[in-house]
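Undergrad: Quick note, the sequences are listed as chains A and B, same order.
The first sequence begins at 1 in my numbering and counts up by one.
The second sequence begins at 1 in my numbering and counts up by one.
If you are wondering where the hints come from, they were derived from the structure by calculation, not from laboratory data.
Every residue, glycine too, gets a C-beta built ideally from N, C-alpha and C.
Some clues are possibly wrong.
As the list claims (entries may be wrong) - According to the in silico footprint, chain A covers these stretches of chain B (three or more CB under 8 Å from chain A):
no., region
1, 75-87
2, 91-97
3, 210-216
4, 273-287
5, 304-318
6, 342-353
What the hints assert, rightly or not - Pair by pair, the computed Cβ-Cβ distance ranges are:
no., chain 1, residue 1, chain 2, residue 2, range
7, B, ARG14, A, LEU348, 22 to 30 Å
8, A, PHE435, B, ASP208, 19 to 27 Å
9, A, SER347, B, ASN185, 40 to 48 Å
10, A, ARG240, B, TYR359, 51 to 59 Å
Given next are the chains, with one letter for each unit.
2 protein chains.
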Amino acid sequence: MQQTQSYIEANRQRFLDELFDLIRIPSVSTNPDHDKDLQRAAEFVQDCLKAAGADKVEICPTNRHPIVYAEKIIDPKLPTVLVYGHYDVQPADPIELWDAPPFEPTLKDGKIFARGACDDKGQMFMHIKAFEAMMATGELPCNVKFMIEGEEEIGSENLPQFIRENSEKLKADIVLISDTSMIANDIPSITVGLRGIAYVQVEVTGPDRDLHSGSYGGGVVNPINALCQMIAKLKDDKNRITIPGFYDKVVELSAEERAAMAKVPFDLEAYKADLGIEDVAGEEGYTTLERVSVRPTLDVNGIWGGYTGEGAKTIIASKAYAKISMRLVPNQESEEIIRLFSNYFTSLAPKGVKVKIDYYHGGEPVVIPTDLAAYKAAELAMSQTFGKKPIPQRSGGSIPIVQLFKSVLGVNSVLMGFGLDSDAIHSPNENFGLFNYYKGIETIPYFYKNFAELSK
Amino acid sequence: MQQTQSYIEANRQRFLDELFDLIRIPSVSTNPDHDKDLQRAAEFVQDCLKAAGADKVEICPTNRHPIVYAEKIIDPKLPTVLVYGHYDVQPADPIELWDAPPFEPTLKDGKIFARGACDDKGQMFMHIKAFEAMMATGELPCNVKFMIEGEEEIGSENLPQFIRENSEKLKADIVLISDTSMIANDIPSITVGLRGIAYVQVEVTGPDRDLHSGSYGGGVVNPINALCQMIAKLKDDKNRITIPGFYDKVVELSAEERAAMAKVPFDLEAYKADLGIEDVAGEEGYTTLERVSVRPTLDVNGIWGGYTGEGAKTIIASKAYAKISMRLVPNQESEEIIRLFSNYFTSLAPKGVKVKIDYYHGGEPVVIPTDLAAYKAAELAMSQTFGKKPIPQRSGGSIPIVQLFKSVLGVNSVLMGFGLDSDAIHSPNENFGLFNYYKGIETIPYFYKNFAELSK
Chain A
1 MQQTQSYIEA
11 NRQRFLDELF
21 DLIRIPSVST
31 NPDHDKDLQR
41 AAEFVQDCLK
51 AAGADKVEIC
61 PTNRHPIVYA
71 EKIIDPKLPT
81 VLVYGHYDVQ
91 PADPIELWDA
101 PPFEPTLKDG
111 KIFARGACDD
121 KGQMFMHIKA
131 FEAMMATGEL
141 PCNVKFMIEG
151 EEEIGSENLP
161 QFIRENSEKL
171 KADIVLISDT
181 SMIANDIPSI
191 TVGLRGIAYV
201 QVEVTGPDRD
211 LHSGSYGGGV
221 VNPINALCQM
231 IAKLKDDKNR
241 ITIPGFYDKV
251 VELSAEERAA
261 MAKVPFDLEA
271 YKADLGIEDV
281 AGEEGYTTLE
291 RVSVRPTLDV
301 NGIWGGYTGE
311 GAKTIIASKA
321 YAKISMRLVP
331 NQESEEIIRL
341 FSNYFTSLAP
351 KGVKVKIDYY
361 HGGEPVVIPT
371 DLAAYKAAEL
381 AMSQTFGKKP
391 IPQRSGGSIP
401 IVQLFKSVLG
411 VNSVLMGFGL
421 DSDAIHSPNE
431 NFGLFNYYKG
441 IETIPYFYKN
451 FAELSK
Chain B
1 MQQTQSYIEA
11 NRQRFLDELF
21 DLIRIPSVST
31 NPDHDKDLQR
41 AAEFVQDCLK
51 AAGADKVEIC
61 PTNRHPIVYA
71 EKIIDPKLPT
81 VLVYGHYDVQ
91 PADPIELWDA
101 PPFEPTLKDG
111 KIFARGACDD
121 KGQMFMHIKA
131 FEAMMATGEL
141 PCNVKFMIEG
151 EEEIGSENLP
161 QFIRENSEKL
171 KADIVLISDT
181 SMIANDIPSI
191 TVGLRGIAYV
201 QVEVTGPDRD
211 LHSGSYGGGV
221 VNPINALCQM
231 IAKLKDDKNR
241 ITIPGFYDKV
251 VELSAEERAA
261 MAKVPFDLEA
271 YKADLGIEDV
281 AGEEGYTTLE
291 RVSVRPTLDV
301 NGIWGGYTGE
311 GAKTIIASKA
321 YAKISMRLVP
331 NQESEEIIRL
341 FSNYFTSLAP
351 KGVKVKIDYY
361 HGGEPVVIPT
371 DLAAYKAAEL
381 AMSQTFGKKP
391 IPQRSGGSIP
401 IVQLFKSVLG
411 VNSVLMGFGL
421 DSDAIHSPNE
431 NFGLFNYYKG
441 IETIPYFYKN
451 FAELSK
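Generate the whole structure from the sequences, applying the supplied hints.
TA: See the structure below:
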């Protein structure tokens, strides 16, 4: 892999410039105003894969945003790696909290600041550049397929159908994904567990129009007050979720697993200081690391209703809304959780309001075995470039695709991510360290090499 | 008053056209973008008063929106009526729920649809036109002063200072205000009680930035969930407000007063049908009419935080906000209630969030004696034009100015309003019946005549 590494070294600036070009395309998948940008981003990815030497490069249309596919089969007898990533990004709101324009990448303190810098344009692009380097130097040691989608941030709506319809084409020995983070730059880790997700929007309707709060106040149910009461009832005073049946299928960690987690380096004071909070909080009886990775959650992601402008307006709103998501752990199932939530939430509504629940998206929790050849290949690759053996770690995020690959294609995934929790993904001032971007590009070829050797 | 009535009859169309011109000025006092419109509305009122024959017409600047003053002193020995009204209006949001543009008055089903059609441009303008009619016919029977402000919808911030500094100029025997409603067009009523108000905005801050709800969910206090829990705790399961001390000064109605209120015509089924709600709700042990008029309330008027756009965004917001108002009844005091609220609300915050409370405006509750000459003059005037004696009624709304006049000038008010609860003031499709507009203009001169005679 020496030539590959030299090639990477020689092309550092260009690899960064190209990533910047990709970032400049505001491919916000949730917003229909950006549909053309999604198409442009897909074309950009396509062009890069073609230029790197991939075959059968194509933009596959879906009902919404297209999927870019490409492959390089050097020998059918060699193992095949399927690289998954996504070119879509989260919205940039609240835009006023960014220090620089979100879609104009800015270098500061050795980091790239921009929406998508890490999630997932930066991490996905590492794979394209690593592939380019191996191709340019003739050092690609196994077959590779790319599937880069544009709907990850909106629940990968059309991916299941695509995978089912293309299961032969997508056949692979392992899926390789960089869309997670490490503990720290000097504490490399590999994600071996992901939470699932169930995301809903609720609408509470009271009177059929906004009312004057003087004339009607006290006499009718105020939908905002009602929504607040209903949300408050979703957790008890031990921060346990009160939805009947919610925890029924949750697999409790063994004492050994908890002991192993407790050994993961974690500085609570630094964590609080980083977030600017006086204290952490969460489900009673669990550590912070457990709460954010192996325990299920319920969070309101957005709420709105009534007058939200400048000054005072004395109304009782007709409607109040909230976006609510639950993170799920093995063996919770998103559809069942949505059903349990919907039944319970509706039952909390006082007489005098109506409740409507829209189901946005769901994804299943997953745990990845650490005895796979591919996991060992990743472990060894990171040891080679970081000089330290990475720690297996369960993450709180959700990548529904992982469970999908397992169930539809029967293929496991390796989650070799190079981001950090401090990258502020989904937040203003998202960033990705130059160290991390280049370390990713350098590590990936070793993974291929190790995987080819361990698969023999 | 016969000539006055003939004059009104002869000028019906012009009186409506002029009101339309006033309504077309979008004088939304809470929004600084409309400051020029407030000035234009003040000038419009000034011009109308001048044209009607008032003296000393002037636009008095304040720290924000000006006050229009005018007077006609025909004989210092005659009683003086001080007419109070306001030319500012509530915002038109949510604008998409209007059937026609809010600042382009539309006639439909015998009603004027527009923001301010009733509150208070329509009702205030009745006084200017009645004055014009009495002046034109030489039938003005007492002295009159006008004080028309532009900050009523934002808490009359600068009015107290103006009244204190102009107490000599404003000297009067009664304040006459049309900014309230009647029970129905065939059940005239006069408002003899108003609730006070205490309005705050609360801000709950958790982490210093928006966080990814996968990486952090379950480990930190979510400010939106926290805000909902805090709001939910402000009322108990009997819909009693839980703020310690909140009810301490509330004067309970006597059995006689409750019996009198129970006789006021009120059709609960029609009320529910009008609002499109399955059931009413409110403080246990009180009727709907009591709940909306003689009992204090707490309503969230607006709430917002996190992602509120299209689709799903998986964040934990840094901040969540709510606008909360309390309606007060005798003898609650707005400043004390704000203090009690602030202490209690802050105490409800879980560790891990910070709370900031902004005090918007307050007004004191008031009860008006029905044995005043001016009350009897109004009662008789409405009997003369409606053919029915009006019912004294306590209203749920707030007109802080009433208590201010009493305390600073020592003058009582008569609240002779001609609106209806169904006028949708502060809401989309605000409207004012042509019947009500003209009935107001016709009734006001009788009030002057009766008041002059009863004051002899």
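Undergrad: So, for every hint listed, does it hold in this structure?
TA: Hint check results:
{"no.": "1", "hint": "75-87", "in the structure": "violated (count 0)"}
{"no.": "2", "hint": "91-97", "in the structure": "holds (count 4)"}
{"no.": "3", "hint": "210-216", "in the structure": "holds (count 7)"}
{"no.": "4", "hint": "273-287", "in the structure": "holds (count 9)"}
{"no.": "5", "hint": "304-318", "in the structure": "holds (count 14)"}
{"no.": "6", "hint": "342-353", "in the structure": "holds (count 4)"}
{"no.": "7", "hint": "B:ARG14 / A:LEU348: 22 to 30 Å", "in the structure": "violated (56 Å)"}
{"no.": "8", "hint": "A:PHE435 / B:ASP208: 19 to 27 Å", "in the structure": "holds (24 Å)"}
{"no.": "9", "hint": "A:SER347 / B:ASN185: 40 to 48 Å", "in the structure": "holds (42 Å)"}
{"no.": "10", "hint": "A:ARG240 / B:TYR359: 51 to 59 Å", "in the structure": "violated (36 Å)"}
In this structure, the hints that do not hold are numbers 1, 7, 10, in rising order.
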